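K.L.:
Each chain, letter by letter, is given below.
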Amino acid sequence: EAGVTQFPSHSVIEKGQTVTLRCDPISGHDNLYWYRRVMGKEIKFLLHFVKESKQDESGMPNNRFLAERTGGTYSTLKVQPAELEDSGVYFCASSLQGAAGANVLTFGAGSRLTVL
Amino acid sequence: DQQVKQNSPSLSVQEGRISILNCDYTNSMFDYFLWYKKYPAEGPTFLISISSIKDKNEDGRFTVFLNKSAKHLSLHIVPSQPGDSAVYFCAASVLGDYKLSFGAGTTVTVRA
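In order, the protein sequence lines correspond to chains A and B.
Counting from 1, position 6 in the first sequence corresponds to residue -3 in the working numbering; the numbering is continuous, with no gaps.
Counting from 1, position 83 in the second sequence corresponds to residue 131 in the working numbering; the numbering is continuous, with no gaps.
Just so you know, the hints here were simulated from the structure itself, not pulled from any lab data.
Treat the hints with care, since some could be wrong.
What the hints assert, rightly or not - Computed footprint of chain B on chain A; a stretch qualifies when at least three of its residues, placed anywhere within it, have a C-beta under 8 Å from a C-beta of chain B:
#	stretch
1	11 to 20
2	25 to 35
3	64 to 75
Said to hold, decoys possible - Simulated pairs of lysine-lysine, DSSO-like, Cα-Cα distance not exceeding 27 Å:
#	chain 1	residue 1	chain 2	residue 2
4	A	Lys69	B	Lys119
5	A	Lys69	A	Lys35
6	B	Lys119	B	Lys147
7	A	Lys45	A	Lys69
8	B	Lys102	B	Lys116
9	A	Lys32	B	Lys147
10	A	Lys35	A	Lys45
11	A	Lys32	B	Lys119
12	B	Lys53	B	Lys116
13	A	Lys42	A	Lys6
14	A	Lys42	B	Lys147
15	B	Lys116	A	Lys69
16	B	Lys147	B	Lys102
17	B	Lys147	A	Lys45
18	B	Lys53	A	Lys32
19	B	Lys119	B	Lys102
20	B	Lys116	B	Lys147
21	A	Lys32	B	Lys116
22	A	Lys69	A	Lys32
23	A	Lys35	B	Lys147
24	B	Lys53	B	Lys119
25	B	Lys147	A	Lys69
26	A	Lys35	B	Lys119
27	A	Lys6	A	Lys69
Just so it is clear, the structure is predicted and the values come from calculations on it, not from any experiment.
Glycine included, each C-beta is placed from N, C-alpha and C at the ideal position.
Let's have the full structure, built from the sequences with the hints guiding it.
P.N.:
Encoded structure:
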């Protein structure tokens, strides 16, 4: 079974530019999450999709961040325009809907974003 | 507002000895707790969990202890092995809410 795949693994952009991160969850996982870890701090929740619907986007920092999950499969997270404080590692995770231990997420390797 | 805290950023232990990682939380609504392990350039991987109805859960060399009154949990690894060198994250959630709150992680180094 393929795991959670994220692309790109590392992106370096200048302040003011746009970056789009992509996540392919495990096939059949209805739940998809985005998290972010900044500068060795805690991993922070950004948002949660159930299929194509945003279930919880309380962790999104501001309106420069836009997440989509068209068709309930892969998801994209766009940052536009990027600021210096957006630098960090963006993790995507997925889990089955309603399964036992549904809080157990499977994470991707992350996309490291560096904003100069 | 950080609801899950890991106050020790690093831990060094000799191979074969016990590693004890600590985690404190502030939200009394949390009722499910997890530990994740992370190697460099990889995503966190699930290690072990415990629900609030238990005070101990064991899986091989890994044991998690939960003290609800103190809002504290710990992860014991015994015996520690070189492959255990990684960053360990404590996480918590409310059952039914899929969102996890993570601590900042503890970097464990197992010395040969």
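K.L.:
Kindly indicate which numbered hints from before are broken by the structure, ordering the numbers from low to high.
P.N.:
1, 3, 4, 13 and 15
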